[in-house]
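Produce the complete structure using the sequences and hints provided.
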Amino acid sequence: MNAPGFAVRDLTVVLGRGKRAARVVRGVSWSVEAGATLGVVGESGSGKSMTVLASAGLLPPPAAVTGSALLGGRDLLKLSRRELEGIRGRRLGFVFQDPMTSLNPLLTVERQITEGIEEHLGATRRAARDSARVLLETVGIPDPDRRLDAYPHQLSGGMRQRVMIAIALSCGPDVLIADEPTTALDVTTQAQILDLVRERQERTGMAVVWISHDLAVVGGLADDVVVMYGGQVVEQAPVETLHSAPAHPYTRGLLGARPVLGRRRDQLTAIPGTPPDPRALPSGCVFFDRCPVKGDPRCETQVPDLVEVGRRHFARTFCPEDQ
Amino acid sequence: MSARPFSAWSHLLRRPVSAAGLGVVVLLLTLALLGPQLAPYGPNAVDVTRALQPPSMEHWFGTDDLGRDVLSRVVLAARVSLQVSLISVSIALVVGVVLGLVVGYFRGWADTVIMRVVDVVFAFPIMLLAIAIVAVLGPGVTTATVAIGVVYVPVFARVTRASALALREEPYVRAAAAIGAGPLRIIRAHVLPNVSAPVIVQTSLSLAFAILSEAALSFLGLGVQPPQPSWGRMLFDGKGFTDAWWMSVFPGLAIFVTVLAFNLVGDGLRDVLDPRRRSAMESRRDR
Amino acid sequence: MRSEPGPGTGQDAQSVPLLDVRNLCVRFPGPREGRHRSWVHAVEDVSFAVDRGQTLGLVGESGSGKSTIGNALTRLVPPTSGTVHLDGQDVLAARGAPARELRRRIAMVFQDPYASLDPRRTAGATVREPMDVHRMLSGRAERNRRVAELLDLVGLVRETAARYPHELSGGQRQRVSIARALAADPDLVVLDEATASLDVSVQAQIMNLLRELQGELGLTYLFVSHDLAAVEHMSHHVVVMYLGRLMETGTTDHLYTRPAHPYTQALMSAVPDPDPATERNRERILLGGDPPSPLDPPSGCVFRTRCPLAVDECAGPVPQTTVSANHFAWCIRTGESLSPERLRRFVH
Amino acid sequence: SPGTGVDRGLSKDGSGVVAAIAGEPDQLDPHRTSAYFSFQVLENTFDTLVEPGEDLVMRPGLAERWKVSEDRLTWTFTLRKGVTWHDGSTFGADDVVYSYRRIIDEKLGNAWRFDGVKDISAPDDSTVVLKLDKPVYNLLSRIGGHKGLAIVNKRNVESGKIKTRPLGTGPFSFDDYNPGESIRLKANSRWWGGAPKIPSLTFRFIPEPTTALADLEAGEINWTDNIPPQQVERVSQNEDLELDSAVGNDYWYLAANQDRRPFDDPRVRKAIAYGIDRKAVVQATQYGNATVNQLAIPKTNPWYAAYSPYSHNTRRAAKLLAAAGVRDLKIDMLVTKEYPETVITGQVIASQLEKIGITVQPREVDFATWLDKQGKGEFDMLMLGWLGNLDAEDFYYAQHHSDGDFNFQKYSSPEVDRLLEAGQKETGKKARKDRYAEAARKIADDASYVYLYNPDVVQAWAPQLENYKVRSDGAVRFRDVRLAD
Amino acid sequence: MLRFSLARAGHAVVVLLGVTVVVFTLMHLVPGDPVRVALGTQYTPESYEALRSASGLDRPLISQYFHYVGSAFTGDLGVSFRTGEPVTLVLLERLPATLSLAFAAMVIAVVTAFPLGVYAATHQGRISDTIVRVVSQFGVSVPDFWLGILFILLFSSTLGWLPPSGYVPLTEDPVGWLSRVIMPATAVGLVSGAIITRFVRSAVLESLGSEHARTARAKGLRRRIVRSRHVVRNAMVPIITVIGVQAAILMGGVIVIEVVFAWPGLGRLTFDAVSARDYPVVQGAVLLVATLFLLVSMAVDLLYARIDPRISIR
Ligand SMILES: Nc1ncnc2c1ncn2[C@@H]1O[C@H](COP(=O)(O)OP(=O)(O)OP(=O)(O)O)[C@@H](O)[C@H]1O
Ligand SMILES: Nc1ncnc2c1ncn2[C@@H]1O[C@H](COP(=O)(O)OP(=O)(O)OP(=O)(O)O)[C@@H](O)[C@H]1O
Ligand SMILES: [Mg+2]
Ligand SMILES: [Mg+2]
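Protein chains in written order, with the working numbering: chain B, 1 to 323; chain L, 1 to 287; chain C, 1 to 348; chain H, 1 to 485; chain R, 1 to 314.
I should point out that these hints are in silico values taken from the structure, not numbers from a laboratory.
Among these hints, one or two may not hold up.
[Claimed, not checked] Here are a few chain C residues that face chain L, going by a calculated C-beta distance under 8 Å:
1. Thr74
2. Arg104
3. Asp118
4. Arg120
5. Val133
6. Cys314
7. Pro317
8. Gln320
[Claimed, not checked] When the alpha-carbon atoms are kept at most 16 Å apart in a straight line, the in silico EDC-like pairs for lysine to aspartate or glutamate are as follows:
9. H:Lys376 <-> R:Glu85
10. H:Lys107 <-> R:Glu49
11. H:Lys279 <-> L:Asp111
12. H:Lys410 <-> H:Glu438
13. H:Lys319 <-> H:Asp265
14. H:Lys154 <-> H:Asp105
15. H:Lys107 <-> R:Glu46
16. H:Lys161 <-> R:Glu85
Where is the CB? At the ideal position from N, CA and C, for every residue including glycine.
Rendered as structure tokens:
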């Protein structure tokens with residue numbers, strides 16, 4: 001397959017204006033190749049969603065976005081609205097976190113799937129309905145004919161999320177961006193969804209950006225993982241490396257904070273304090289006040305660069321060796 | 001996250017439009033208090049020889065058919081209008097909120113009964129209900145006040161009930177119940193303070209509508225009694241005098257500005273206190 | 001009807017468990033279908049017990065009835081039938097002063113730290129409220145002193161007392177909630193998803209705090225969660241629920257190392273492992289479909305519609321089977337459900 | 001023709017007359033209505049036995065002539081021959097008997113006008129005999145001065161249609177009714193007085209005087225009596241419009257409740273009478289289109305007598321008050337918005353009496369309440385007018401006799417009672433007039449009523465409308481009117 | 001659907017009964033006596049008693065009430081004290097005037113409010129949005145009857161373009177109707193329109209920011225389709241509520257406007273009837289208006305169900 005991958009370069013998002021302006025994404029870069037999966041993890045408010053929404057022009061105004069978002073060599077941020085509309089849904093599929101509110105409650109499942117197909121592939125209503133039925137089957141919804149005529153509220157959470165996935169996959173996108181699609185679901189349903197996406201990706205070779213706040217979720221799915229904190233990428237590495245040799249104290253904290261099934265510990269390594277407010281970011285390292293290491297005098301005043309600490313392994317820290 | 005009420009005023013003042021509205025309200029209150037001192041003439045100084053004079057340096061707003069100074073009457077009418085609307089809305093507020101809280105929190109048969117009554121009152125053309133009440137009690141400032149008050153009770157009851165119903169299920173209210181707090185304590189300490197946002201918004205919008213209702217009632221001759229000046233009444237008096245436009249324009253303008261001011265404040269308050277969408281109840285402006 | 005002592009702890013003949021729940025049923029009125037009113041079977045015939053100073057984990061997927069049990073204990077919802085005893089006293093039957101006293105002794109922490117604090121009350125007032133309600137200590141000054149102590153205890157600075165919820169972070173709020181729960185000096189604390197909506201790093205802080213407090217104060221917890229790992233971390237005993245019914249109970253060690261019920265097994269296999277190496281190579285049991293509607297639960301074992309091992313007999317009565325001491329499962333195939341190879345055949 | 005749309009303005013061929021009146025008739029049964037607007041319409045559709053001429057003297061109507069017996073107890077009316085109802089059926093003495101009996105037997109509002117009538121009979125088809133048990137001097141004006149005594153058609157009554165589709169004998173017959181909007185009549189070519197010269201007559205209801213005037217100026221209507229008083233001056237200057245006025249027979253008055261202190265003291269009432277500037281009142285309410293009068297009966301009425309004891313004199317008023325020992329008097333004055341002149345007068349009087357230390361607080365109620373309060377005596381003072389009286393007795397008896405039905409101010413003077421009773425019995429016109437004049441002077445002296453003014457009857461019309469005359473009794477008659485091209 | 005209608009009808013009957021109780025009580029508490037009003041200023045006590053008993057006013061109140069409700073069920077609303085006409089007829093005569101004014105006003109309101117509200121919402125924060133907000137705020141605050149008076153002053157008295165008042169049935173003279181309805185309808189329509197505009201704006205704004213609108217955009221739908229199919233449609237539920245409230249208020253007769261424009265509608269009829277203590281007409285009119293109100297709210301509910309599948313009305 002030589003479908004294009006997806007990359008963001010030096011993406012910055014400022015929400016609001018003046019004193020209330022919030023720099024929620026600050027110079028984020030990452031890329032994912034066709035057939036590969038990029039996991040983006042980070043706690044709530046770290047800017048994960050903003051990054052991907054901004055790259056597809058889906059942020060509500062007033063938002064100032066700079067940098068670039070590259071899909072098949074074109075910078076999405078430079079396209080006109082009409083051009084962008086031609087790419088969204090067609091080459092870039094989205095699945096959002098809350099399947100409850102992300103579907104239009106007033107339209108049938110069929111309409112919500114077919115409208116994209118009609119728009120992008122110029123299919124007739126009939127043909128689009130047929131594809132919709134096939135899509136529902138492939139995302140594992142039993143009795144698709146009946147479900148096509150259902151409204152979202154008549155479906156369970158897991159089924160709604162499958163419908164969202166069917167919509168995202170409907171035009172055979174090159175890139176699937178999944179923004180915490182399983183967070184609102186039960187573990188058993190989450191497992192079903194993870195399995196579904198994994199299998200679809202194997203078949204179509206699309207690139208997947210999988211956003212989650214849970215490292216474990218991306219563990220089995222991603223090739224590379226980006227860890228975000230305070231609107232920045234603080235660490236980036238292949239998933240195995242990240243797990244075995246995390247370089248940033250925040251990543252280490254994240255790993256230690258979750259209890260792991262079957263491995264009981266007496267104490268969790270909690271990170272003290274709380275994530276920063278994007279409206280009042282510190283001048284130095286964003287993680288400084290919570291950092292257990294504070295290994296360098298520059299930490300407090302200077303933002304560390306993302307440095308290469310190993311093969312394809314980058315961390316935003318002054319003291320990467322201090323593991 | 002929405003701000004809380006005590007910081008609401010400062011938030012409000014930071015919004016130029018709302019601040020302007022608040023300014024006008026303060027000005028009106030001043031007029032209402034100091035009206036007699038400020039008015040250039042006695043409001044009831046009938047002088048038939050000076051009737052129907054157009055605006056001039058002497059009479060900025062002209063004179064009416066009985067030769068009275070329109071400006072003075074407009075200024076003095078502020079008191080009545082504000083008094084009627086403030087008191088009537090207070091009545092509606094107290095009764096409506098208490099009813100709404102009780103039925104909203106306890107539900108049960110009282111809820112069914114009271115909400116049916118509210119439905120009944122709602123099914124009435126409101127102005128007509130007010131007129132009927134005035135017919136029963138006889139026209140006058142007090143009755144107009146009572147009538148408008150009664151008519152607005154259901155609005156407050158509904159707004160409060162809706163909030164109370166939602167608050168019942170709020171985790172912090174359930175938390176208080178889990179502690180073992182009794183219903184009265186919960187209503188007083190948790191529900192009442194938290195219904196205040198929509199109620200405050202409704203109050204200031206209702207003040208605006210009450211001004212309009214009072215004007216309409218007085219226009220129909222059911223409100224303030226002559227010779228006491230009132231904006232609605234002045235409009236009524238001026239209606240036949242097509243040549244004396246000033247008799248109609250200025251009192252109407254006074255109503256308009258007052259209502260606008262209350263609406264601006266109400267709108268600002270909603271944005272500050274209760275930024276969720278406006279409720280249909282807020283659209284109940286009566287004709 | 002089960003009448004033997006409830007599973008969980010308290011098997012020790014001489015000790016009376018702190019909390020003893022027997023045959024608890026909670027039903028909610030569902031939508032009316034013509035003349036016939038349907039019922040939501042939120043909790044059906046649930047029994048368990050907790051010893052003083054211990055934590056019982058209550059785990060299950062959304063809608064399995066976990067919160068309803070917590071709400072029934074704190075009397076936020078009226079149970080349809082069953083009994084609840086605290087220290088031998090009948091909680092549900094109590095009226096008047098004893099009822100108030102029992103309410104004092106069972107405290108609750110809710111899931112959403114944003115919604116469970118009154119936005120118009122300071123943290124101090126919130127923490128003080130249980131003392132005000134139960135007229136504990138003499139006078140406001142003393143209560144305020146106690147508030148300061150409690151804030152200390154949950155790791156907040158005393159100045160927090162003057163802050164409003166919107167000035168606090170999620171973790172801080174949850175600490176305030178915990179302080180409120182502790183204010184009335186309870187014996188049992190029901191923690192309903194108390195950490196679920198917090199950030200990972202903050203979750204860890206709260207779980208650590210809860211365990212410290214338990215050690216210091218000898219508290220008893222009912223730890224309600226859908227997070228199996230968190231339950232494993234926190235609990236001495238675990239109760240697994242599905243669609244309002246008990247599936248399996250046992251000590252944490254037993255249950256997590258040798259899950260006996262197919263549902264428990266499926267649940268555990270669905271939890272992703274953070275270690276990519278393990279995650280990629282492990283066996284998973286994928287359940288098909290969705291849980292049935294609690295309005296119309298299947299007969300017999302409610303899990304049978306999704307169970308890889310289901311046979312016709314599953315539609316009949318479900319016995320309580322003993323897996324080992326203090327470890328029970330409600331499944332007719334308990335004995336034979338253990339081989340991963342057999343399970344794999346049912347994997348989707 | 002009916003059914004092809006109602007004429008809104010001048011009818012298409014320009015031959016019909018459109019008259020704007022200030023309100024809508026409540027119903028068109030002349031016996032049951034009491035609304036002024038109804039009578040404006042009914043004046044043109046119904047006839048009475050006798051009717052007032054322009055000089056308010058009774059002239060033949062449906063009765064060609066009449067005879068009074070020596071003892072004045074038997075009145076014999078001879079009816080016109082060949083009179084028909086609008087539907088073509090013949091009119092006869094039975095109709096008269098039926099109409100009068102209806103009023104008496106059903107105790108309708110005008111039954112009092114038959115006080116003293118013992119029997120009504122129709123010896124033959126063109127004779128009606130009224131037998132009295134005591135002489136009633138003013139019987140003619142009682143049965144002819146008011147269209148409420150119109151002769152109605154039995155079938156029309158019994159079918160219930162009279163309320164909305166009345167059937168009369170008058171110069172115009174009922175044609176079409178648009179509720180809230182207009183009533184159209186068409187000419188009765190067989191009318192005994194001669195066919196009207198206009199084919200149709202439409203009454204439009206336009207409550208707003210400025211609108212009525214605007215419509216008149218715009219040519220949408222040909223006639224109106226609803227003219228804003230402040231515009232009368234301007235309209236009379238207008239070359240393109242005709243305007244005329246006559247001193248009306250109506251009068252407006254103030255009455256203080258003599259059941260209440262201190263109004264039982266004539267000095268207080270007189271103080272009020274002196275404290276009032278009638279000219280200013282007339283100016284404010286009617287813009288001068290009224291005649292100040294200190295008695296009820298206007299100059300134009302045959303029963304007029306001149307008397308004006310009061311002048312605007314605050315010093316005198318204050319003295320009277322002081323003499324009565326009254327200070328800080330507050331008067332609750334009943335006014336009603338249905339008669340705006342009362343509201344305006346209330347305000348003017350309030351400002352006038354303030355100068356002699358009396359605070360007048362007008363209480364504006366709707367007329368229904370007003371009547372109720374008046375009936376129950378719940379007022380200090382009130383203002384109202386009496387409309388449509390013709391005979392001297394009508395002006396004074398019921399209002400000021402101790403037993404008068406409308407003596408709501410509770411005036412009681414043996415002397416006045418005696419004079420009013422004498423007036424009833426008196427047979428000579430001169431003597432009768434003297435009795436009433438004397439009574440009136442006494443009433444004025446005691447300030448039983450404080451009389452204010454007789455409003456002018458002011459009407460305006462387009463110049464094409466010829467031969468129209470403004471009458472002082474306010475009757476609006478279009479029977480002789482012509483429309484020029 | 002049928003069940004829903006029946007349930008709503010049952011509810012409506014209860015409310016209407018309540019309405020009759022309230023009007024009946026109020027009307028009989030009112031001082032002033034319909035008989036006195038009907039008789040005018042000159043009558044005798046006998047006449048008074050005769051009319052009183054003919055009107056049934058001498059019976060006990062309770063029996064009057066039950067008699068009234070009983071015959072109201074059969075469509076007989078009694079006879080007007082004033083005109084002696086059946087109340088049903090009186091009401092039917094006035095209904096067209098009120099409905100045609102309400103209709104014209106609603107058309108003006110909706111036709112202005114909808115595009116303006118949507119436009120403002122989709123241009124949030126721009127100058128055009130600000131203008132719409134300011135103008136609608138003005139519209140909400142202006143007394144409609146004053147607006148009417150100003151219209152008369154301007155268009156009738158000064159410019160002489162339009163007749164200042166009166167009513168012509170639409171069926172008889174459409175042009176005449178239009179020339180007379182335009183001022184009162186605009187006066188009330190602008191106020192209702194301003195109210196609706198603000199609701200349209202905020203509902204559309206909310207819908208614009210919703211997650212499903214974001215999904216629609218993420219699908220790459222064209223902006224026009226996103227707006228029409230996903231944004232505006234989803235904003236309809238709150239908008240319909242407000243339009244319903246406004247329509248109900250207008251159908252009840254805008255009393256003051258009807259007085260200003262001498263519009264022979266239900267509002268003025270009722271107002272006059274209250275003044276004249278014409279109980280049967282007042283009761284009938286209120287009953288009719290309440291029925292209209294309930295019909296409108298039922299229609300609104302049915303519309304909801306058409307728009308929103310989550311609302312089931314089986
Ligand atoms: N409309 C907005 N105005 C101002 N700030 C916003 C807005 N929406 C989001 N933010 C802020 O932007 C920051 C980044 O948000 P973002 O949604 O990208 O976080 P996230 O990493 O996706 O978190 P989550 O796990 O909660 O989805 C947060 O601090 C959030 O508070
Ligand atoms: N007040 C109520 N009325 C009707 N049904 C209810 C009510 N409360 C809960 N239920 C139903 O009871 C069942 C159990 O709900 P419960 O909240 O106890 O589940 P849970 O295990 O806490 O789930 P979650 O993880 O989603 O919180 C669910 O089907 C729920 O819909
Ligand atoms: Mg996000
Ligand atoms: Mg729960």
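A quick look at each hint next to the structure:
A least Cβ separation of about 4 Å between C:Thr74 and chain L falls short of the 8 Å threshold, and the interface hint therefore holds. Evaluation of the C:Arg104 hint against chain L yields a held restraint, the C-beta minimum of about 6 Å falling below 8 Å. Residue-level restraint check for C:Asp118 holds (minimum Cβ-Cβ distance to chain L is 4 Å; threshold 8 Å). Because the closest C-beta pair between C:Arg120 and chain L is about 4 Å apart, less than 8 Å, the hint holds.
Nearest Cβ of chain L to the Cβ of C:Val133: about 5 Å, under the 8 Å cut. The hint holds. With a cut of 8 Å, the hint placing C:Cys314 at the interface with chain L is violated, because the nearest CB-to-CB distance is about 37 Å. For C:Pro317, the suggested interface contact is broken, since its CB lies about 35 Å from the closest CB of chain L, more than 8 Å. For C:Gln320, the interface hint is violated, since its Cβ never comes within 8 Å of a Cβ in chain L; the closest pair sits about 31 Å apart.
This hinted pair does not check out: H:Lys376 and R:Glu85 have alpha carbons roughly 30 Å apart, beyond 16 Å. Distance restraint check for H:Lys107 and R:Glu49: the Cα-Cα separation of roughly 8 Å lies within the 16 Å cut-off, and the hinted pair is therefore satisfied. The hinted pair formed by H:Lys279 and L:Asp111 fails the criterion: a straight-line CA distance of about 62 Å is larger than 16 Å. Taking the CA atoms of H:Lys410 and H:Glu438, the gap is near 20 Å; set against the 16 Å cutoff, the hint is violated.
Distance restraint check for H:Lys319 and H:Asp265: the Cα-Cα separation of roughly 14 Å lies within the 16 Å cut-off, and the hinted pair is therefore satisfied. The straight-line distance between the Cα atoms of H:Lys154 and H:Asp105 is roughly 14 Å, inside the 16 Å bound, and the hint therefore holds. Taking the CA atoms of H:Lys107 and R:Glu46, the gap is near 6 Å; set against the 16 Å cutoff, the hint holds. Taking the CA atoms of H:Lys161 and R:Glu85, the gap is about 9 Å. The hint holds against a cut of 16 Å.
Violated hints for the displayed structure, listed by number in ascending order: 6, 7, 8, 9, 11 and 12.
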